[in-house]
Structure formats: structure tokens, C-alpha cells
Amino acid sequence: MSNKSYYVSAFSKDIMLSAIKDSFKKLNPKITVKNPVMFVVEIGSVITTAIFIKDLFLHDFKSISFVFQITVWLWFTVLFANFAESISEGRGKAQADSLRRTKTEVTARLLKEDGKEEKIKASLLRKGDTVIAETGDTIPADGEIIEGIASVDESAITGESAPVIRESGGDRSAVTGGTKVLSDKIIIRITSNPGENFIDKMISLVEGASRQKTPNEIALNILLVMLTAIFLVVVITLEPMAGYFHGYISPVILVALLICLIPTTIGALLSAIGISGMDRLVKHNVIAMSGKAVEAAGDVNTLLLDKTGTITFGNRMAVSFIPSDGSDVNELADYAQLSSLSDETPEGRSIVTLAKQYGFRGRHIDEKNIEFIPFSAFTRMSGVNLLDKNLQIRKGAVEAVVKFVEQNKGKVSDKTVKTAEEISKKGGTPLAVAVNDRMLGIIHLKDVVKGGIKDRIDSLRKIGIKTVMITGDNPLTAKAIADEAGVDDFVSEATPETKMALIKKEQSMGKLVAMTGDGTNDAPALAQADVGVAMNTGTMAAKEAGNMIDLDSNPTKLIEIVEIGKQLLITRGSLTTFSIANDVAKYFAIIPAMFAPIIPWLAPLNIMGLSSPESAILSAVIFNAIIIIILIPLALKGVKYKPASASSILTRNLLIYGLGGIIVPFIGIKIIDVIITYLHLI
Amino acid sequence: MTYTGVLQILITLATMVIAAVPLSKYLAHVFNGEATFLDGIINPVESLTLKFLKVNGNEETDWIKYLKIGIIVNFFMLAIVYLILRFQNFLPLNQMHYPGISWALDFNTAISFITNTNWQNYAGEEALSNFSQMALVFLQFTSAATGLVFAVAFIRGLVRREAKYVGNFYADFIKAIYRLFLPLAIIFAVIMLWQGVPQTFVMQKKVTNMTGIKQKLSMGPVASMVSIENLGTNGGGFYDANAAQPYENPNPFTNALTVFMMGTIPIALFLMYGIMIGNKKHAWTLFAVAMTLLLVCLAIVYSQEAHGNPFLAKLGVNIVASKNNPGGNMEGKQEHIGIAQTSLFATATTAFTTGNVDSAHDSFMPLSGMVLIAEMMLNLIFGGKGVGLLNMLTMVIIAVFIAGLMVGRTPEFLGKKIEAKEVKLATLAMFAHAFIILIPFAIALAVPAGLAGILNPGPHGLSEILYAYTSTVANNGSAFAGLNGNTLFYNISLGLTIFFGRYIPIICQVAIAGSLIKKKSIPESAGTFPAHGFLFYTVVMATILLVGALTFFPALALGPVAEHFAMIKGHLFY
Amino acid sequence: MIKELIKMIKLTVLLYIVCSLGYTFLIWGIGKIAFPFQAGGSLVYKNSKPIGSMLIGEKFTSPYIFNGRPSYAGNGYNGTESGGSNYAPTNGKYIRHEKKLINNFLKENPSVKKGEIPVDIVTGSGSGLGPYISIAAAFDQVPRISSLTGIPKSALYMLVKRNISYRQFGIFGTPGVNTVKLNLKLSLLIKKYNFKLYKLIFKGFLFKYTINN
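Chains as they are written, first to last, in our numbering: chain A, 162 to 843; chain B, 105 to 678; chain C, 111 to 323.
Chain A with its partners taken away, still in its complex shape (with noise of 0.2 Å):
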């Protein structure tokens, strides 16, 4: 996990107090009114203050006290909400406003059609226009590089210093606006028009400005105002009942009730949950377009993964050394190392690490006697001679080292030729080792399949997602790595449109897809996938097909993303049973106090032994309004995710909160009313 530069705290010092600002702010009944059930709550409010005003106007002092703390706790309870909902916005807030602070006014080098340079305001730039960007320039808007090659420095966006590479032409010509040229000088066509740039929907996307309510956040929130308007009828009949025994209950102990029934933990935590999954995202440095996505990932059934960058390092690796007849491993080895010695590719380094196994540590090379010969293409061999020992030592493609041991006068076996075409056959390659006329043997260089990749893959199957390999490789390359990463299935010579196929064909059967991209020609299937996760190195095509970006280009990240989602549904699953189960302890707390003076029978309801009706109900009200700012940490951070089985996962969220939101209320309630009473606050 990365942990980016402007990635904020949510409990830093400005953040609280903004937050705190922003929940008085927010009991404007026109912003409380789009969350149903703190809007009961906050005209119960009303209700309860206009009774202690009137109370207090007709010096109706009786239990006055006892109005004025249940008034002030239900506000508590409304502010609670407000809370809640600001320091997660206030999160979002805090990293909009340092990524604005990179976006101060730029001046773009608009290249004119005459060829002429003119230097105008970044925002009056237009797609289609032409700017030159040059060392130093930070580069105005975003674009595709038409011309050029450089280095360009993106931590405004992602965070990371190391500058990247960015070129005319291929998958890489893409530039964000506000990111900045460190060498060279690239001509740019810019593809988005003010306000429309990637950082302006960035900051859009951070604030949370843009958010809208998922499908499941929908339907959840439809339960919430289902079972608002249920205990909104329960609550109502209990006068009437209460008249059936020649009684009265106050409106006040009604609306106590009311709130403390309606699912008030959920309903103020609800976005919280919501804006801080998005928020989670980001501190992966992944951008998800909506929340929708963030959902959709979390159901994703299938993941299609790119063989290269995901699943291998994208680099093969010497895996063992196979001499020819008459010669030795070491001897294999020892030569194998001296050919590369100068060989920085990954690669030879590779070479060089195996043959240290064979014993072959640090070497000292007289260098005047040395003459390294780099690899060309012509050639396709690189090598060192010894100019002391007249030794000439050559390593690459096969054929190529062939024709230089033949043009040496010697003879090579075709059991060695036989060797190099079956590693070619099981997808490695083969690298062949000559000194002079000898050839020496075979290097097996392979994919090499990321340590611990497996163990996802397998913690992906436990949790029911199917993870299919996508590679151009040949299928017996292709299957050799699927095994040893242990994917479910793999689709060898892939084209963008076999991807497009397979993702139609999961969708067809009801499965969503999942899948990560960086090319234009990506683009149509990061599209049509569930969740199109597109790097950020990728072109703007790719960027703009896709769902999410992920600002670290690591594909392996579809990984975490989809957890994101899950932890994100679970957060709202099990805040919501817990809300629910919370109500068992408040009916025995408030029905039996209610009921004290009218119908004495009900006393052994009262299981909790609270002291008095009125501190009963307090307690209630007080347990209810405070539990929620007791899960703000939990709803910000979410409930604990780890891959599991359904089964097993719903059984320990079940006792965590179903169990436990039934006990909790019990154990709360009776120590609030401990306090109070000793506090003489009733």
C-alpha cells in the first residue's frame, strides 16, 4: 500500500473543524431532507424543542429537565450524522485542494498554424490545439504527444517523483495537464477542453462533488425509509394503546422512540461508508469515475489479467544452464557469467545471479585486457573477448552463435539444437553460449511468474473469482505460465478483439468482468467490461474507456480494487445489521418505561434494572446519538475484509454485528444509565 504526498489524515486538526462547521451547516432541512431518516430525527428535533419551549412558557417545570437533555441528545444525534458525513468529504476536500494548488494559472506555448509560437493562457486552449512544452514547462492541458520524446515529471498526479518516459506515437504519448517536463521538448496536441481535463474531473472525483448514489446504496437506503416509515407506524399506535389503558404518553418519550427505532446508526453513516470506499481508492492511487464501479468490482466474477506486468515480470529470466556434449555446467557457467558481464538488461543480470549459484562470485577483470561486444541487431549475439587469452565469448540466439562456431571451423551437435528448440517449445527461450569454435550449451531463459502470485490467485478463487490469463504468447507458452501461476484458465495469442469476445461471453452468462488496459486498442473491451481499470501510462483513448485509472500503472492492483468493493458493500451490510439489532435492547429499555405508570405489570420487561423511567429513556437516546461518533473511525476505515470463503465471511460478521449489535445496545444502555443516575442527571 502506497501512501501518496497528498494523500490527508482524516483526523487532522483543519479537516475536524471544517468537518464540525459543515454539521451545523448541514441541518439546513434542505440537505437533511436527502437522507429520509436523519430528517425524521431532525423534525423530531423540532418537535421536542418546541415542547420545551412551550414548557417553559407556561412554566410547566415538572420534568423539564428531562425534555431539555432528550432535545439536546436528538440534536446531538442530527449533528452526529452531519459529522460524520463532513470528515469524510473533508478527506476529499483536503486532497482536491492540494491537487488545485498544483493547477495554479499555466502559460501553454500555443504552437499557431503558421508555425509561429504564441504564449496564451492554459485555459484558453481548445481540443485540437497545438503547444510546444520544453524543459521545465509544466505541460498546460491534456494531450497526445505528436512529436517528441520526454521525461516527464506526474507526481501532481500520482505522487511518485520518478519521472517517466513519455514519446510520440504508441501507448505512451499521452500527458496530463499540470504534470511537468523535466528534459527534452515534445509538441503536443491537446484532446480536452478547460475544465474537462483529467485533474479538474480528479479533483471533481476526490471531492466527492460529482458523487451519486450507487445501485446498492439505493436499494439499502430504500429499506432504511421501509423500516423508517414501519416504526413510524408502531410509534404512532402506541398512544392510542396507551389510551386504551386510560393513559397518555408524552410526545417527547414518542419521539424518543422513534429515533431510537429508526436505523439512525446506519442512516447517519451511510455516505460516510460511501465517500470514504471511494476515498480508499484513492489512497491506492487508483481514481474510480463513480461509485458504481467501485461497486461493480466487488462483484466482479471474472478478472481477465494481462500475462505481462501482472502476472510475470515481464522479463525472462535465465532458469538453468544445459551443456552441450563436452562440456560442463560450470564450465557453462563460468562462461555464461563473462558473456555478460557488461549485459545490464534484465536479462543478463539474470545470467549472471544463476551462475553465482554455481559458485561463480565477483570476478576481477584485468579491463585493458577486456573487449565487451554489445548486442546488435544484425548480429543478434553480444559476447567479451579476452584479449589475453584469446578467447572469443558469444552468447545469443541460437542460429546466430551457430554461425559463429561454424565460421570458427566448429561443429555443433544437434543434440543442442534439439535442446533450443524444445525450450522454445515449452515457451522459453533459448540463449546459446560460444567460446571460439566450442559451443558450450544452452541458456533456458523464461517468464517468471511474481512471487505470491499464486497465493492470490488462490485467495481470488476462495472468494469466487475467476482469474483468466490474457497473453500473445503461443498456448504452450501460455499454459506453461497459467499452471505455474495457477490461474483458472488463460487465452493464449490474444488480440483485442479474442478479449473483447471472452468479455461478451462471461457477460452473457451473468458474470461481470473485471479487467486492466493501457492501449488504444483496449480501449473497446475496458469499455465493455464491468470494470475497466486503465493505466495511468496508457493512452487517453484507454483512460477514458475505463471505469477507474489506476495513477500507479500496476495492473496487479485490480486485485486490491476488487476488495475495495467488497469491504465497501460489507461496511454497509454489517452497519446496517448492527443498526437493525441495536433496537432488541432499546425496546426493553424505552417499552417498559414508557408503560411504568400506566400498566405496572411490565415491570419484569425491564430486564436491564435501569433506575427510573425517564433515565431509561435518556440512556437510550444518549447510547443511540453516541454510537454513531463511536463508528465514524470504523465506517471511514471499513469493517475488516479478508478473503474468505461467503460463508465464512458472513458467519464472523454475523457474530461481530448481529450478535454483537444485539448485546452491545444492552451492555451501553445500562452503563449510560449508571452514569446518569449517579451524575443526578435525571
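If you are wondering where the hints come from, they were derived from the structure by calculation, not from laboratory data. Owing to the predicted nature of the structure, the values given are computational and were not obtained by experimental measurement. Some clues are possibly wrong.
Some, not all, of what chain B presents toward chain A, calculated at C-beta under 7 Å [what the hints assert, rightly or not]:
#1 Glu138
#2 Leu142
#3 Gly144
#4 Ile145
#5 Ile146
#6 Met510
#7 Arg513
#8 Ala538
#9 Phe633
#10 Leu639
#11 Tyr641
#12 Ala661
#13 Leu662
#14 Ala666
Built from N, CA and C at the ideal position, the CB exists for glycine as well.
Assemble chains B and C onto chain A, guided by the hints.
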């Protein structure tokens, strides 16, 4: 509680379950349009009927049309019966010259029977001609079939994928009657006849007993009514006292048989559902949920009734069961049938929402009374024809929704996503159920016309009204009969609660089917939590109990619970 | 739409004919042929006059015979007004009423100790028409009947025992005694032991009976 008592209860229940298994297979065949052993006899009759109706049985409709036809047909049937009852004095088989019944009572009665409720504000033997009773029998067939075919439509909504049509109402309806209710009704009517239930067109017989005391005996075509009344979980008996009248339920065996008739089809429907959706384990899990609830309720009722009334014990009555003394709470119970069978009957009639009673529920102990009310509040312990299954599935949808979120996936049920629309409809059905019970109940408590009907003072009076509205909304029809329901206020208000209590949830539920049928089915994976097994059982059970308890706790606390605690304290109400 | 409505009306009428008329008459026919006794209400005849039904309890209030349970059907065992008391166990009026019933029972049957009163004999059945009383309630009445009729207790106990309806199939229900059956048998016993009394008790009945004959 005695060993023999527990034993006869368990034997009765076990027999029902054993019989439900083959019945469920048969029903699945029937509604899947597969061959059954009765085809030879019924196929010709059925095709003749469809030809007469000019209906092509293979022409299916979407859920809206299916529902529309069902409800309009219900309306026509209601109209026929309303007219027969209203003008029974002009119709045959009215030896006693009973006048036509009043419009308010008729409104209440006709609605009550078309909705499978069979709430009776009239005393059958004192108000209805045999012709009228036979008209009610007609509704007992059709209301049961209506509930059943709606459940079948719902199941098809779950089974079919990316489809539109749920079935042909006429064909399903005819099948339900020809292939299920009519054959069974005939068989059981004959068994009941054999056991002593009368079947005659004589309405009254005057006899003079050996000590010279004259007695009037009411009779009629009772056997034919008793069988469909229970098989269709209608519950409206021929007599005011229903199965407490020995002519409807002459002995302990018929008592057990009546329970068997009430329960076997609802249990079979749960299992049929499993066969039709191709997931028997899921159905058996729901069966286990309902059976657990049934057994717990039964245990409470039986133990409370066997314990008896402490006030009578104080007066010198021996309420402890022994070899010669039944003990327990015998007020309103038949001696030979006994506490165990009566407890079973009462629990079953409220679980299967039949509403037939073999004892005076009003005289039950407070906590037993509470259990009976609670069973109807849940209305899903197997429940009535199809409706119980629908209510159970509604609850399952809510349970699956919350549990689905808790495992981190968009909730899905049998591979179909549960989204805003389904949640809306399911919670609407739940809300409607609560609203239609509680609001009229509160109104009755607040107006003199409502309070006027109460017989028993104190919390029990509140329970009487609560029972009435719960029973009508749950389309049960049993009563705390002390409440005088034959007043304008109760005839109208209970008639309305019956009507809305039946049709609003059914419309919501069939609409859920209409929404689900369009959806793709997502294959099950390790990420979906399985819709069977102990965990699923726990989730569904917890949802049912929590939702039920939270909605109805206050009402139950103020009625039966308060009465119970008062009784323990030795407090009597005047 | 009209076409559709016609289908619906046809369905309604057809099913009315099948389910109401056809079905009821079919069962009626089967009853007529196979179970005429039961179908007619299980009536007991004496000299071809119905004197009651084996299934329906009667108003046996005379102290000379076995009394049934209190009945709330009309003014007691009215076969056209089935119904229970519907009293709740916590109803004070009910308990007051029970006190009266209990005292009456104790007064009529002084041999029964307080605390030993069988619960069924002081409570009403659900329909008020149940013919059964418990074995204990029958035994408890033996001393009274014996002293009033002169029939030896042992003969009466034997009579009760012979007429016990045990659990059906050994399983279903609670043992009890059908008062209709028991009192029919008792009348024979009274006739045998005390003919004068027999005529006295059953006078009205015999009188009417003969007139009507």
C-alpha cells in the same frame, strides 16, 4: 405436558411431512406441465374445460396480465357469492327460511371467503341456508387455487431467465382445482363422513332426550365443507364454533386428520418450490426455518395450556394432569380431544393460516394467545395456500439483501440480483402488512365502536382487537371470539383489512416475480453465500424474528405479555 | 377485453357449478349410500324417535344422572348456537363465575375434596356441545348418583369404566367418557335397580314418548 401428548403431536406432524414429499413431486409435475398418474382421467376433462372457455392453455401472459385476470376473476366469484348470500331467502335449500344477510355482513363475509380468510361475523348454523354454505364452499376452492397459482407464477419468475411470461392463469387455475383440490376434497370428505361428519340437506333436527329436554340439532352438507375448508386452508366452518362443534370434528382422530389436511399442502408447496427451482436443499432449509418456528410455537402453546389457569387452581380445581383428569386449561376445549391435540390444532391453524378452530382461542393462556397472534403476524410458518411461501420468500429477499451486502457482493437470490426494485416491493409488502394490522387496530382502540365489541377486560381486551386485525390481514379467519365482530364498524373495517391484507402483498410479490423473471441468472460461486444450510437458515430466521419482533413487540407487550405478568402477580381484571 | 371478460365469467360459472353444486351433491350421494348413519348426524333413536346424537352433548342437569360440562351454547347445549364462553383466564367476572360453578359442584358432590375437582367439569367446551367429560369427573359423580338411586357404587364405577373412550388407536386424544352413551346405559341400570325412580326421572320423557308413539 405428557409423553403421550408429545407423541401424538409428533406423529401427526411426521405424517404430514412424509405425505408432503410425494405430493410436492406431484405438484411440481402438474405445474411444470409434465405427465402425472391422473392424466388419463383429468386430461380429457381439462381440455374440454379449456375448450369451453376458449382458452389456449399454452398461451402465456406476463405477470401484470396474469395478476389482472386473477383479481378480476376473484371479483366475479365474489359477486356471485355476495348475491347468493344477500338473497338466500329467494333461493333453494333454505328449510329454516333464513332471511338474506345484511349488506355489511355480506360484504365482510364475501370478501372474507374470496380471500381465503374465512373470518366469520355470522354463526353459520343460525344465519345461512345450505345453499349459501355451498356457495362458500365454491370460494373455498377458488381462493385456495388463487393463492396457489400466484405462488406458482412467483416461482416461475425465479426459475425463468431473461423471460417475460409467467404462465396462463386459466390453465394454472383449472389445474389447481382439477388436479389438486377437487380430488383431495372428495377423498377427505368421505373419510370425514365415515368418522361421523354429517352430509345432509336437512338443516335442523329437533330431538327430545331421555329426561324430556328438547334439543335442536343443526345439520347440513358439513363433510363436503370440512374437507375443502381445511385442504384449502380456508378455515370457515359450517358452524359458529367451527371444529369445536363435534359435527365438524367428532373425535381426536378427525382432529389430527384436520391438522393433516391443513398442513400437508402448505408443506408440500415449500418442497414443490424446491423441485421447480432445482434447488431442493434451499427449499428444505426454508422448510427447517418454518418447522422450527412451528415447533417452538407449539411448545409454548402446549406447555402454557398444559400448565393451566392458576386462578382456578386457587379455587380448588386440580389443574395437574393425571390418569383420569386431563388437567391444564380446559376452558373452551373438547375433553376427549385433549390439551395436546388442541394445542397442535391451534398452533397449526394459525401457522397454516387456516383459521378453523377446535377450541376457544380467547380462553387460551395469555402467552399461548400471544403465540397464536405472533404466528399470524409472521404469516409464513408454511402459511396458507401459496401465500405463506410468498411471504417466506419476501422475507428471504430482505435477508439475502442484508446478508449479501455483508459478504461484499451485490445481493443475489438464486442467481438473480436483488436490486432497488425488489427491495422496494419486498419492503412495501412488509410495510403494508404492518400498516394494515396496526393502524386499524389503533383506530379500533381509539373509537367507542371499536371498544364496544370487547368481551374480556384489561390487556386481554386489547389482545382481542389485535387478534381480529392480525387474523384478517393474515387471511387467517380465526378469532378471539369474545370480540363481537358483527357490528357495522367491525364488518366494514375488518372487511377492508382482509381485502388490503390479501391483495397488496400479493401484488407486490407477483411484481417481484415480474421483475426477477427479466433478469439474467448469475452462476453461483464461492463468493455467493449458499442459499441453503445452517448459515442461510440462521440468516433467514434472524431476519424473520427481528423484523417480526421489532414491528409487533409493543402491541404484544401491552396485550398478552402484560396479561401474563399480571396473572403471575395474581391480578384479575374487571 | 370483452372477450377476456366473457372467459372470466364462464370460468366463474363453470367452477361454481363444479365446486359448489356438483361436489356437494357427489359427497351427499356417497354419504347416502355408504355412511347413512353418519351422514344423518349419528342420531340415536328410541323406538324410531331421535333422542339425540352420539356426537352432541345434552343438557344433563338432573342430579340422578351423569352431568356434563357447563355449556355456553345458547342457554346450554343448544345445537343451533355452538360457542364457548370465550372468557379470558384473567377475567375477574369469569373467576367469580367459576367460583359459583365450583361451589355448586362441591355442594352436589360432597365427597369431592377441594383441590381435587377435575378441571373439565367446571369449564365449558369450545362449542358448548361436547359430549365428553373426564374419567375423574365421571367417577366423582358416582357417590352422588349411588346415594340418590341406590345403585351400588361398584356397579356405577364398572359402568363408567366400561364406557371409557380411550385414546384413538392408542395415540390420539385424551381418555374421556361420552355422557350421551353413559347416561343411556345408566338409564338401563336405574331401570334395573330402581324402577320407580326410573319412571320418575324419565317420566316426562316416557310420557311424551308414549303420546307421540
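Hint check:
Hint status for Glu138 (chain B): violated, given a least beta-carbon distance of 27 Å to chain A, over 7 Å. At its closest, the beta carbon of Leu142 (chain B) sits 38 Å from a beta carbon of chain A; the interface hint therefore is violated under the 7 Å criterion. For Gly144 (chain B), the interface hint is violated, since its Cβ never comes within 7 Å of a Cβ in chain A; the closest pair sits about 41 Å apart. Taking 7 Å as the C-beta contact cut-off toward chain A, the hint placing Ile145 (chain B) at the interface is violated, the least distance being around 42 Å.
Given hint, Ile146 (chain B) at the interface with chain A, is violated; its Cβ is 38 Å from that chain's nearest Cβ, farther than 7 Å. Nearest Cβ of chain A to the Cβ of Met510 (chain B): about 4 Å, under the 7 Å cut. The hint holds. With its C-beta approaching chain A no nearer than about 5 Å, Arg513 (chain B) sits inside the 7 Å limit, and its interface hint holds. Proximity of Ala538 (chain B) to chain A holds as hinted, the smallest CB-CB distance being about 5 Å (cut-off 7 Å).
The closest approach between the C-beta of Phe633 (chain B) and any C-beta of chain A is roughly 4 Å, which is under the 7 Å cut-off, so the hint is satisfied. Checking Leu639 (chain B) against chain A by beta carbon gives a least distance of about 5 Å; that is within 7 Å, so the hint holds. With its C-beta approaching chain A no nearer than about 12 Å, Tyr641 (chain B) sits outside the 7 Å limit, and its interface hint is violated. Here the hint on Ala661 (chain B) is kept, as its CB sits about 5 Å from the closest CB of chain A, short of 7 Å.
Interface hint status for Leu662 (chain B): upheld, as the beta-carbon distance to the closest one in chain A is roughly 5 Å, under 7 Å. The restraint placing Ala666 (chain B) at the interface with chain A holds, with a minimum CB-CB distance near 5 Å, inside the 7 Å limit.
In terms of the numbered hints stated before, the structure departs from hints 1, 2, 3, 4, 5, 11, listed from lowest to highest.
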